[in-house]
Amino acid sequence: MEKKISFDELPKAVSELTEQVSTLTEIVSALQSSKPSEKTLIGMDEACEVLQKAKPTIYALVRKGAIPSYKRGKKLYFYKEELIQWIESGRKAVSQPISSEEMLAMMRANVRNKPKSIK
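Position 1, counted from 1, in the sequence shown is what the UniProt record's numbering calls 1; the numbers after and before it change by one each time, with no gaps.
Among the hints, a few may not be true.
Mimicking BS3-like on lysine-lysine, the simulated pairs with C-alpha atoms at most 25 Å apart in a straight line are [claimed, not checked]:
1. Lys55 <-> Lys39
2. Lys12 <-> Lys39
3. Lys64 <-> Lys75
4. Lys53 <-> Lys39
5. Lys39 <-> Lys75
6. Lys64 <-> Lys74
FYI, nobody ran anything at the bench for these hints, they're computed from the structure.
Please model the entire structure based on the sequences and the hints provided.
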(Lines of atoms letter the chains of each structure in order from A and count residues from 1; the text may use other names and numbers.)
(Lines give C-alpha, C1' and ligand atoms only; values in the text may rest on other atoms or scores of the structure.)
Protein backbone atom coordinates (compact mmCIF):
# COMPACT_ATOMS: atom_id res chain seq x y z
CA MET A 1 0.00 0.00 0.00
CA GLU A 2 2.99 2.26 0.51
CA LYS A 3 4.05 4.12 -2.57
CA LYS A 4 7.77 4.11 -3.22
CA ILE A 5 9.03 7.59 -3.98
CA SER A 6 12.12 7.95 -6.07
CA PHE A 7 14.69 10.69 -5.64
CA ASP A 8 13.34 12.52 -8.71
CA GLU A 9 9.79 12.58 -7.27
CA LEU A 10 10.78 14.05 -3.88
CA PRO A 11 10.09 17.72 -4.73
CA LYS A 12 6.60 16.86 -5.98
CA ALA A 13 5.86 14.75 -2.86
CA VAL A 14 7.07 17.53 -0.55
CA SER A 15 4.87 20.10 -2.30
CA GLU A 16 1.84 17.79 -1.95
CA LEU A 17 2.57 17.33 1.74
CA THR A 18 2.86 21.08 2.33
CA GLU A 19 -0.49 21.61 0.58
CA GLN A 20 -2.11 18.97 2.77
CA VAL A 21 -0.63 20.49 5.93
CA SER A 22 -1.86 23.96 4.97
CA THR A 23 -5.40 22.69 4.31
CA LEU A 24 -5.38 20.85 7.65
CA THR A 25 -4.25 23.98 9.51
CA GLU A 26 -7.05 25.96 7.84
CA ILE A 27 -9.60 23.35 8.92
CA VAL A 28 -8.29 23.30 12.50
CA SER A 29 -8.30 27.10 12.77
CA ALA A 30 -11.86 27.23 11.38
CA LEU A 31 -13.01 24.66 13.95
CA GLN A 32 -11.34 26.51 16.81
CA SER A 33 -12.83 29.86 15.84
CA SER A 34 -16.35 28.44 15.51
CA LYS A 35 -16.24 26.86 18.99
CA PRO A 36 -17.49 29.33 21.63
CA SER A 37 -14.73 29.53 24.21
CA GLU A 38 -16.39 32.13 26.42
CA LYS A 39 -18.73 31.15 29.21
CA THR A 40 -22.27 32.50 29.20
CA LEU A 41 -22.94 34.72 32.21
CA ILE A 42 -26.58 34.63 33.36
CA GLY A 43 -28.62 36.25 36.11
CA MET A 44 -31.05 34.89 38.66
CA ASP A 45 -34.05 34.58 36.31
CA GLU A 46 -32.09 32.58 33.73
CA ALA A 47 -30.64 30.42 36.50
CA CYS A 48 -34.19 29.65 37.65
CA GLU A 49 -34.99 28.48 34.12
CA VAL A 50 -31.83 26.38 33.79
CA LEU A 51 -32.21 24.71 37.18
CA GLN A 52 -36.02 24.66 37.06
CA LYS A 53 -36.19 25.83 40.66
CA ALA A 54 -37.78 28.78 42.41
CA LYS A 55 -35.76 31.85 43.44
CA PRO A 56 -35.88 31.11 47.20
CA THR A 57 -34.56 27.60 46.53
CA ILE A 58 -31.66 28.97 44.51
CA TYR A 59 -30.90 31.57 47.19
CA ALA A 60 -30.81 28.77 49.78
CA LEU A 61 -28.47 26.68 47.61
CA VAL A 62 -26.17 29.69 47.15
CA ARG A 63 -26.14 30.36 50.90
CA LYS A 64 -25.16 26.73 51.55
CA GLY A 65 -22.49 26.92 48.85
CA ALA A 66 -24.08 24.03 46.98
CA ILE A 67 -24.13 25.68 43.55
CA PRO A 68 -21.40 27.73 41.85
CA SER A 69 -22.26 31.43 41.96
CA TYR A 70 -20.65 34.86 41.85
CA LYS A 71 -21.81 37.93 43.76
CA ARG A 72 -21.00 41.44 42.64
CA GLY A 73 -22.61 44.03 44.86
CA LYS A 74 -26.19 42.98 45.47
CA LYS A 75 -26.54 40.83 42.35
CA LEU A 76 -25.89 37.13 41.90
CA TYR A 77 -24.41 35.82 38.69
CA PHE A 78 -23.98 32.30 37.38
CA TYR A 79 -22.25 30.66 34.45
CA LYS A 80 -24.71 28.53 32.51
CA GLU A 81 -22.08 25.88 31.76
CA GLU A 82 -21.19 25.56 35.45
CA LEU A 83 -24.85 25.11 36.41
CA ILE A 84 -25.31 22.39 33.79
CA GLN A 85 -22.13 20.70 34.99
CA TRP A 86 -23.43 20.92 38.59
CA ILE A 87 -26.67 19.22 37.54
CA GLU A 88 -24.78 16.46 35.72
CA SER A 89 -22.47 15.84 38.67
CA GLY A 90 -25.43 14.97 40.90
CA ARG A 91 -26.44 11.95 38.84
CA LYS A 92 -27.16 8.92 40.96
CA ALA A 93 -26.36 5.38 39.93
CA VAL A 94 -29.30 3.30 38.79
CA SER A 95 -30.14 0.69 41.37
CA GLN A 96 -31.19 -2.86 40.62
CA PRO A 97 -34.93 -3.41 40.29
CA ILE A 98 -36.55 -4.77 43.44
CA SER A 99 -38.55 -7.96 43.20
CA SER A 100 -42.13 -8.01 44.45
CA GLU A 101 -41.18 -10.28 47.36
CA GLU A 102 -38.47 -7.89 48.53
CA MET A 103 -40.88 -4.96 48.17
CA LEU A 104 -43.49 -6.78 50.28
CA ALA A 105 -40.89 -7.57 52.96
CA MET A 106 -39.82 -3.91 53.09
CA MET A 107 -43.44 -2.76 53.36
CA ARG A 108 -44.12 -5.21 56.18
CA ALA A 109 -41.03 -4.04 58.05
CA ASN A 110 -42.07 -0.37 57.78
CA VAL A 111 -45.65 -0.77 59.05
CA ARG A 112 -45.88 0.59 62.61
CA ASN A 113 -49.28 -0.64 63.73
CA LYS A 114 -49.35 -4.09 62.26
CA PRO A 115 -52.76 -5.69 61.96
CA LYS A 116 -53.03 -9.24 63.19
CA SER A 117 -53.34 -10.53 59.64
CA ILE A 118 -49.80 -9.34 58.75
CA LYS A 119 -47.20 -11.25 60.73
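Going through the hints against the structure:
no.	hint	result
1	Lys55 <-> Lys39	holds, 22 Å
2	Lys12 <-> Lys39	violated, 46 Å
3	Lys64 <-> Lys75	holds, 17 Å
4	Lys53 <-> Lys39	holds, 22 Å
5	Lys39 <-> Lys75	holds, 18 Å
6	Lys64 <-> Lys74	holds, 17 Å
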